[in-house]
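Participant: Below are the chains, spelled out letter by letter.
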Amino acid sequence: MVDLTQLKENEVFMAFASYATVILSKMMLMSVITAFHRMSRKVFANPEDCASFGKGENAKKFLRTDDTVERVRRAHLNDLENIVPFLGIGLLYSLSEPDLSTALLHFRLFVGARIFHSIAYLTPLPQPNRGLAFFVGYGVTLSMAYSLLKNKLYL
Amino acid sequence: MVDLTQLKENEVFMAFASYATVILSKMMLMSVITAFHRMSRKVFANPEDCASFGKGENAKKFLRTDDTVERVRRAHLNDLENIVPFLGIGLLYSLSEPDLSTALLHFRLFVGARIFHSIAYLTPLPQPNRGLAFFVGYGVTLSMAYSLLKNKLYL
Amino acid sequence: MVDLTQLKENEVFMAFASYATVILSKMMLMSVITAFHRMSRKVFANPEDCASFGKGENAKKFLRTDDTVERVRRAHLNDLENIVPFLGIGLLYSLSEPDLSTALLHFRLFVGARIFHSIAYLTPLPQPNRGLAFFVGYGVTLSMAYSLLKNKLYL
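Protein chains in written order, with this note's numbering: chain A, 31 to 185; chain B, 31 to 185; chain C, 31 to 185.
Just so you know, the hints here were simulated from the structure itself, not pulled from any lab data. The reader is advised that the hints may include incorrect statements.
Same chains, same names: a pair is fine if it fits in one copy or spans any two.
[Stated by the list, open to error] Derived SDA-like pairs: lysine to any residue, alpha-carbon spacing no greater than 25 Å straight-line:
hint, residue 1, residue 2
1, Lys-72, Leu-139
2, Lys-56, Thr-153
3, Lys-91, Thr-153
4, Lys-91, Ile-63
5, Lys-56, Ala-75
6, Lys-91, Ala-65
7, Lys-180, Val-62
8, Lys-180, Phe-74
9, Lys-56, Lys-180
10, Lys-56, Glu-78
11, Lys-56, Asp-96
12, Lys-56, Leu-135
13, Lys-72, Ser-173
14, Lys-180, Asn-159
15, Lys-180, Arg-138
16, Lys-56, Asn-108
17, Lys-180, Ala-45
18, Lys-90, Gln-157
19, Lys-91, Gly-161
20, Lys-72, Pro-158
21, Lys-56, Asp-97
22, Lys-72, Thr-153
Only chain A is shown next, with the shape it has when bound in the complex:
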């Protein structure tokens, strides 16, 4: 077995691991919220999903789109589009020996901004709440990317 004491003693990496797990768990919650709205509003995308509500033509009326379900799906996709770069860039950034307090600031801002983004999207709060939340998360990821590329580029 490898001696991973090194990595476990890397506080930045351990902090990244915690924040990444929290924000990924939040993202996974979106699947459950979508499923909840599909069930409670009886809105399905696949014929086999509403088979228990009726047969044949009767079942087809459940195959529709619904504003609330589409809203959750857009929020979920926006999460994916923003959390994937955070994971990739954040992992590499964590391994580049950044200052602990700077790194924590990045991780906290990102996780806070994305949680607020979901609240603003699902409530929905009036703009520019969601827009600001998006740009804070976006800026944090860009700042980590800049810090990575500035140090040294190996292209």
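Chains B and C: place on chain A using the hints.
Facilitator: This is chains B and C only, laid out in the frame that chain A set:
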């Protein structure tokens, strides 16, 4: 060159690498299945894709949506939404020195569940086949997240 | 603090970090392009986004889909579907001690192909420009997956 013998001797990490590669390759297969159905059914999303089938107004009839193509695209998106958390949380979990047999159980269940999910989505099998496959994969990822956060939170 | 000198001296890993950061930044650009087109064409998906353009029924006319916006969104989703496997498989591949020049060839081909893919999608260039770009990126990821699984499978 760095001595990566350490990581190569970490059996949990090597197992994670293998399972992650397998499930990502499976996910990539969805692109090919989408392309196959688009070609065989002549269903396209972009005007330039069907330029060889006709010009002008004649080409527009290929710009439509098709149940089978949309089904594959939904399966692909569901893969993305579930495999991204598995990759992020699983990587951190692999580095947190879990018990090898417990880790293998997690990876195997996840990969098995996601492969079955795709089969259930594309066949399509009647529910609750797809629902169960989804929740097994979901539960495995949550279980790894719980095990990560339980050990120690660095927030 | 952990001694990460090892990882920093791993040229393949540092190259992967650079290319991954570049391609993720490019992917993030797609969000801004979508937002730009939504603003300039006044095409929105959420009622709260166009509240400043009008109230009530008047605002509803901005809730529509637009070919250009949908095109950028498809390009963004295609990026996600292809960059996620590259990140996962590429990270594991970088840690598997590949030959530096082979690894660089993989990373450069992938990043070049994906940047060209976006240009081909958004211009749009006639096919098979986009198709070729897609398959080059796809082939690079598969080649890394093959090289990983060939070495040793831990299933």
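Participant: Compare the structure with each hint and give your call.
Facilitator: Comparing the hints with the structure gives:
no.: 1; hint: Lys-72 to Leu-139; verdict: neither (37 Å within a copy, 30 Å between copies)
no.: 2; hint: Lys-56 to Thr-153; verdict: within (16 Å within a copy, 31 Å between copies)
no.: 3; hint: Lys-91 to Thr-153; verdict: between (27 Å within a copy, 22 Å between copies)
no.: 4; hint: Lys-91 to Ile-63; verdict: within (22 Å within a copy, 28 Å between copies)
no.: 5; hint: Lys-56 to Ala-75; verdict: both (23 Å within a copy, 23 Å between copies)
no.: 6; hint: Lys-91 to Ala-65; verdict: within (18 Å within a copy, 29 Å between copies)
no.: 7; hint: Lys-180 to Val-62; verdict: between (40 Å within a copy, 22 Å between copies)
no.: 8; hint: Lys-180 to Phe-74; verdict: neither (48 Å within a copy, 36 Å between copies)
no.: 9; hint: Lys-56 to Lys-180; verdict: between (31 Å within a copy, 16 Å between copies)
no.: 10; hint: Lys-56 to Glu-78; verdict: between (28 Å within a copy, 23 Å between copies)
no.: 11; hint: Lys-56 to Asp-96; verdict: within (23 Å within a copy, 31 Å between copies)
no.: 12; hint: Lys-56 to Leu-135; verdict: both (19 Å within a copy, 24 Å between copies)
no.: 13; hint: Lys-72 to Ser-173; verdict: neither (43 Å within a copy, 30 Å between copies)
no.: 14; hint: Lys-180 to Asn-159; verdict: neither (31 Å within a copy, 33 Å between copies)
no.: 15; hint: Lys-180 to Arg-138; verdict: both (22 Å within a copy, 19 Å between copies)
no.: 16; hint: Lys-56 to Asn-108; verdict: both (13 Å within a copy, 16 Å between copies)
no.: 17; hint: Lys-180 to Ala-45; verdict: both (23 Å within a copy, 14 Å between copies)
no.: 18; hint: Lys-90 to Gln-157; verdict: between (36 Å within a copy, 16 Å between copies)
no.: 19; hint: Lys-91 to Gly-161; verdict: between (35 Å within a copy, 21 Å between copies)
no.: 20; hint: Lys-72 to Pro-158; verdict: between (32 Å within a copy, 16 Å between copies)
no.: 21; hint: Lys-56 to Asp-97; verdict: within (22 Å within a copy, 31 Å between copies)
no.: 22; hint: Lys-72 to Thr-153; verdict: both (20 Å within a copy, 23 Å between copies)
The structure is inconsistent with the numbered hints 1, 8, 13 and 14, although it conforms to all the rest.
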